[in-house]
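Protein chains in written order, with our numbering: chain U, 1 to 245; chain A, 1 to 245; chain Z, 1 to 245; chain L, 1 to 245; chain C, 1 to 245; chain H, 1 to 245.
Derived from the structure by calculation, the hints contain no laboratory data. Keep in mind that a hint or two might mislead.
If several chains are the same, the list does not tell them apart, and a pair holds so long as it fits within one copy or across any two.
Derived BS3-like pairs: lysine-lysine, alpha-carbon spacing no greater than 27 Å straight-line [unchecked claim]:
id: 1; residue 1: Lys187; residue 2: Lys98
id: 2; residue 1: Lys134; residue 2: Lys98
id: 3; residue 1: Lys134; residue 2: Lys187
Protein chains: 6
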Amino acid sequence: MNVLFVGAHPDDIELWAGGTAALYAAGGHTVYFCVATNGNVGSTELPPDQIASLRLDEARRAAGVIGAHLIWLNFDDEFLLDSRESRTAFINAFRQAKPEVVFCHYRQDYNPDHSISGMLVDECVQLCGVPNIKTEHPPFHHTPHVYFMDTPAGIGFEPEIYVDITSTFATKIELVRAHASQNSWMKHVFGYELEAFLEIPARFRGLQAGCRFAEAFRPSYRWGRTFQQHYLPNMLSVKAREQVS
Amino acid sequence: MNVLFVGAHPDDIELWAGGTAALYAAGGHTVYFCVATNGNVGSTELPPDQIASLRLDEARRAAGVIGAHLIWLNFDDEFLLDSRESRTAFINAFRQAKPEVVFCHYRQDYNPDHSISGMLVDECVQLCGVPNIKTEHPPFHHTPHVYFMDTPAGIGFEPEIYVDITSTFATKIELVRAHASQNSWMKHVFGYELEAFLEIPARFRGLQAGCRFAEAFRPSYRWGRTFQQHYLPNMLSVKAREQVS
Amino acid sequence: MNVLFVGAHPDDIELWAGGTAALYAAGGHTVYFCVATNGNVGSTELPPDQIASLRLDEARRAAGVIGAHLIWLNFDDEFLLDSRESRTAFINAFRQAKPEVVFCHYRQDYNPDHSISGMLVDECVQLCGVPNIKTEHPPFHHTPHVYFMDTPAGIGFEPEIYVDITSTFATKIELVRAHASQNSWMKHVFGYELEAFLEIPARFRGLQAGCRFAEAFRPSYRWGRTFQQHYLPNMLSVKAREQVS
Amino acid sequence: MNVLFVGAHPDDIELWAGGTAALYAAGGHTVYFCVATNGNVGSTELPPDQIASLRLDEARRAAGVIGAHLIWLNFDDEFLLDSRESRTAFINAFRQAKPEVVFCHYRQDYNPDHSISGMLVDECVQLCGVPNIKTEHPPFHHTPHVYFMDTPAGIGFEPEIYVDITSTFATKIELVRAHASQNSWMKHVFGYELEAFLEIPARFRGLQAGCRFAEAFRPSYRWGRTFQQHYLPNMLSVKAREQVS
Amino acid sequence: MNVLFVGAHPDDIELWAGGTAALYAAGGHTVYFCVATNGNVGSTELPPDQIASLRLDEARRAAGVIGAHLIWLNFDDEFLLDSRESRTAFINAFRQAKPEVVFCHYRQDYNPDHSISGMLVDECVQLCGVPNIKTEHPPFHHTPHVYFMDTPAGIGFEPEIYVDITSTFATKIELVRAHASQNSWMKHVFGYELEAFLEIPARFRGLQAGCRFAEAFRPSYRWGRTFQQHYLPNMLSVKAREQVS
Amino acid sequence: MNVLFVGAHPDDIELWAGGTAALYAAGGHTVYFCVATNGNVGSTELPPDQIASLRLDEARRAAGVIGAHLIWLNFDDEFLLDSRESRTAFINAFRQAKPEVVFCHYRQDYNPDHSISGMLVDECVQLCGVPNIKTEHPPFHHTPHVYFMDTPAGIGFEPEIYVDITSTFATKIELVRAHASQNSWMKHVFGYELEAFLEIPARFRGLQAGCRFAEAFRPSYRWGRTFQQHYLPNMLSVKAREQVS
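Just chain U, with the same shape it has in the complex (with noise of 0.2 Å):
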C-alpha cells in the first residue's frame, strides 16, 4: 500500500505523524512525504536561501530514517495560497505517490500554510484521476482516504482515532531530530524543547487512547472516501478482540 504524507514545512509530518509514518514503513507499506514549502523563512540566522537548502537536506536525511520517498513542492514558507499553480503541484505529488491513504494538516489549524495545505489536499485529492488536468505524473483511479493530523499542543482539535506509536516513538525523535537546524528554532517559536514538545502530548494522546504513546487523528468525511474501514497500521492486522484477551 502506498501512504502520503503532506506537511506544510519540512519537519511538520514528523512531528505531528512520524510514529505513524513510521509504522507503515516498518509494516512494508510504501511511504512518500511530500513537503509543501521548502522552509525558508525557519531560521533566525541563515538567509531564505541558505536555509532552504539545509532544509532540503535535512528532509531528505529525515525520510531516508524510514525509507520514504521525499516529494519537494518548493513553495515559499509562510506564502502557501491557493492558486492554479499550487492545485496542479498538489495533484502531481498525489499522482507521484498514488496512495491509498493520505494524511494532511487539520484545516483549522494555526498557520496559513498548515491551512491552505490542508485544504488543497481535502479539496484536490479527487481530481487525481481527470485525464484532461495534465500533470508530469499521470492520472489513476481511485480515491484515497484522508486523515487530518493533530495540531500543535492540540489545540481545537478533537481526536476520532489514535495510532499507537509506543513501538516507533525512538524513531519518531530520530525523524525529528534530523532536523537538526529547527531545533534552535522551535525554541524560538514554541519556546520549548524539542522532547517535551514530542513528548507531552504524545504521552497526552496516549493517556486517551490507552496505550503509552499515540499520535491522534481525523477522518475527512467526503464524497468517495466515507468510510468502511481504515487504513491505518493498527488496523492493517486487526484481529477479533477476543482472540486477544
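For chain U, the structure is supplied; the task is to place chains A, Z, L, C and H on it using the hints.
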C-alpha cells in the same frame, strides 16, 4: 466476540442495525438483542397487555432468525426514564451479555425512549465492572466500545462509519417482518410501507458508502472507549487495500 | 388552525412569543396557552399557595387579552421533571389543543423548567396519536411542527426564522402587563424594568430581521416534522415577492 | 420573480436543484442558470476545448428544457479561485439575473469549484447594489436570499428545508440527460448510473420530507438575508394548513 | 470571595481542579468542596457502608489540606438523578457556600453522576435567590459564575481558559493522595498510576497554556452569568501585560 | 500596552469596537487603527478616487478623536484577497503596532473583506517574529492575543466576553460620526439610521452583559494565544469581586 444491541422498542434493533447484526452472527459472533420497553402501546387495536405479549413473541422470533439471545427489560413503552431502576437494569443487561461492542440509539434521536436508552447505554456502560453495584449478573472488567445507530430517515444523523449490508439485506427484511404486528403500525406511525422504509435509507447509506446497501453508525468517543481500531464486521477481516484492488 | 404555546411559567409565553401569538389570534386562528408550572415560587412576598393562585388569575387575564385558551398543568415551579406524570400531562395538553404548530422553550435555555418543558414537547409531541397512551383527551393523528422560542436576552440562541411583531408589539406589552405580580419579581430576577426587557430584544431581533420589532425562533428538525413550509403568521398569506416590489 | 441558480460545472444545477428549478419555471417565474466553469476537463476522451464546447451546447439544451436563461462564466474547470476577476464576474451575473432568490453550492461541499463558487455567492451577493463596482450590468438594490444546495450523496449536509419535486422529477431526469456527454463521465467519477444517482437521494430526501421525491436545502443566515419568509416554490402558494386537512 | 467546587464523587474536585482550589485558598479566599455522592461503590474490597464512611474521612482530610469547607450531600454513588430532592440539596449547598464562582463537571462528561451534577449546578444555580424555595440555608441575591472542569484525559473537552497551577501542583498531588483508598481503585478503573494520570494532563494543559502545569476550564454562558471579567485566581491580581514584559 | 484594531473598511473598527478602543485610550494605552481597504466603493455619488481620499480624511479624524494611530493599507474595497501582498502588508502592520492585543473581524462575518481580513489576522499574527519575512518594520517576539469583533446585527455571532462601554458610548457615536460620508451610505446599505444601528446592538449586548451599553467579542483560541488572562479594558483593573459588593 459478544456483541450487544440495545433498542428502545421491539423491532428498533432490526430496523436500524439488523443487517449488521446478521453479519456478526454470520461471522460466528455471539449476538444479544436487549429490548428496553415491552412495546405495550404499539397497536391501534390491541390493548397494552396483549400487544406486549405479542411483541415479545415476535421479538423472540426475530432474534431466532439469526440465533441472537434476547434480553427483555420490560419497561413501559414511551415511559422509559432515567432512574435507579433503569440504570440497574441496563447494567445487569450489559453484564449478562458481556459484550465487546454495544450498539444503541443516538442520544439526539426523535423519541424519548430512544434518547433515554441511548443515554443509559452511553453513560452506564463503564459501570459494568463496579463490584459494589450489585445486580443478578456479576461484573466484568473491560469497557465495551459503543456505536450509535442511525435515526429514522437519518434526520440529524451524520454517519462516521458504514457497514456494507448487501449480503444480509434479505435477512434484515426477514428480521423486520418477524415483527408482523408492526407492519400496519409502522404504516400508521411512519406513513410508509415497510419495504420502502427499509430500502430507501439502506440504498442512500449505500450510496454514501460506495456499496449497494449499508447501515450507518457513529462511535461514542468517551474515556476508556476511544478508538485505535473498530470492531465492526467489515473490519474483522481487514486485508490491506492493495491486495484487493 | 390551532396553535399551541407551551411555557414553563406563567408569563413565559407572553415574554418570548406574545407578539406572534397575538398575530395568530388576529388572523383568526385558535390559540392555546399551556403553562407547565403554577409559578408558586415567583414572589418575594407571598407564600406559594397565594402566589400560585394570583398567577393563575393573571394568566387567565393575559390569555383573555387575545382570546387564547388556557391550559394549566399546575406542576410545582422550578421542580418540573421528566416523569411518567409529566409526559402524560403534556400529551394530554397536546390532545386538548390539537395544534398544527407548537411553540416551546429552547432545550438549552437557562432554567430547568424551561429546558425540561422544551424537552417534553420536543420528544413527546409525536405520541399524541398513540391510542394505547390513555389520557383525558383522545388521540389525534397528525404531527405538529415545533418551534423553539428565544432565550432571555437571546443568550446561546441563533435564530433561524423571525416574525415581524411591529403590529402587535403593543399587545405584547399588554399581555406581559397582565402578569402584574411579576413586574417587581422580574426586576428582582432580571434586574430590568419590564419595558426595557421587552423592548431591547424585540428591537434587536427586528434589526436582524429588517423590521421594527420581531420575535425569533428555531424550528425543531425531527422525523415527521421536517419542513416543506412554515406555518408562522407571516407566512400564512405569502404573496410572491415580486408582486410586492 | 427572478430566480438564479449558480453551479460550479455544467449539470450541477440540474443534479442538485433541477426539480426545484422546474417548479419555479412551471410557476411562471424567470429562471437563470449561471455556470461558473466551462467543464473543460469533464471527459476521458475529448480534449479541453472540444469538451467545453460540447458542454456549452448541452447546458443550452438543458436550460431550454424549462426555458431558463443561461449565464456562462467560462472559468477553467477545477481551477475556480477567489480573485478580483471571479468576484467581478459573479457580481455581474447577479446583476444580469436580478434575482429575488439565489441557489448555490454548500460552502463545505466536496470539490474546490463547488466550495469556492458557494463562497463567492454567499460573500458577494450583497455587493450587487454598490455603484462603484462597475460591471457590464448595472447595480440593483435589494439583497437576494441565498439557499445552499445538497451535496453529492448528502455527505455532511443537514437539510433545513425541502422542496417536493414529485411533480417535476421526470423533468429533472430530462434536465440531467441533456448533459449527454456526462453520463459516462459520471459513471467514471461517481461509479453510479445516472438514474440511480438521481433517484436514491431524491427518494431519501422525500422520505425525510414526507413526499415521494424531494430536494433539500439550507438557507444562508446573513445580514440583510435573514428569513421572515421563504420563497421556495412550495411556499409561493401557501394555504393555511387547516384548509387542506 | 467564596468559591464553591462541586464534584460528583469524593476526589473529583481534587483531580480536575485541585490546583486551582489550592490557588484560591492560598490567595485568602474561602473555598467550599461540595461532594454530591458518598462514593459508596468505589471499592473492589469494602462493602458500600464502609467505603462511604472511609471516603468521608478522606474527603475531610483532603479539604483540610487547603482549609476548605466540606459539604457532603450523601447521594448514592452512580445513582445521582435529576429530582426534587437533588435540586433542593444543590440549592441548599449553594446557599451554604454563598459563592461568587462555582466549578462543576462538564455536562458532556463520561459518567452519569458527573453529567447530572454538572446539569444540576448549571440549571439551578440561579435559583439561590428565590425565597419561596425553602431550604435549611437562606437565599442570597447574586448569581455566581460557573466554570466547567476538564474531563478524564480531556476527551471531548475544548478548553477556553487555563489556570497555571505550577506553584500548587505539589499540593494537588497531596490533595489527591488524601483519598488513599482510591489509589488502587483508580488503577482498577482508569488503568493508570495516580501520578501519571495527574501529571500527563497537567503537563498537556500546561503546554497549551504556556506554563509547566495547568488546569483547563470552560465558562458556562447563561443569562445573568455572561462574562465581563473572570474570577479565576490568575486574574484576581492582573497587572497590565506591559508592566510584566 | 499597545492595542491594534484591524477593520476591513474605514468605520468598521468604530462600529464594532469603538467603545472598547475608547476605553483603552482613556486607560492610557496606545491604540492603533489599521484599515485594510481604502473604502473606494463606499459612495453612491463620488467616484472611487474621490471617495477613497475623503474616507482617509475621515479615518484620520476618527482616529484623532481618541488619539489612535492610523495604519492605512489601501487595498481596493471589496477586493481584499489572500495573497503574498496582503499577508506581507498585514505582517508589516502588526510589526508597526507591536500590539499585545489585536481585534479583527469574525472569520464568518458577512462580507468578503471582513472574512479575509479576519483570516489574515488570525493566521498571520504569529508570523511577526519571523526574521526572514522582511517588511518595512522589524520583527517583534511575542504573540498577541486575538479577539473577534461582533457582526452586523450580531447575526451568527455568539459572544464569549463583553466590554461595558456605557462610559464611552458617547465617544463611540462621535467616532462613527467622524465618517460623515458614510451616514447616507449606511442608510443605503443597512437601511438604518446611524443612531439606531449603533444603539440597538449596544443595548442588546448590554442586556446580555448586565450593563447599559456593551460590545461583544470572541477570543481566538490558537497555539501561543490561549488564555490564562484577558487583556480587555474592564479587566485591566480587576478587583476581587467581594471588594466591590
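Here is how each hint holds up against the structure:
When the C-alpha separation of lysine 187 and lysine 98 is checked against a cutoff of 27 Å, the pair qualifies only between copies, where the shortest distance is 21 Å, while the shortest distance within a copy is 36 Å. In this homomeric assembly, lysine 134 and lysine 98 come within 27 Å of each other (Cα to Cα) only inside a single copy, at 15 Å, whereas the closest approach across copies is 38 Å. When the C-alpha separation of lysine 134 and lysine 187 is checked against a cutoff of 27 Å, the pair qualifies only between copies, where the shortest distance is 21 Å, while the shortest distance within a copy is 42 Å.
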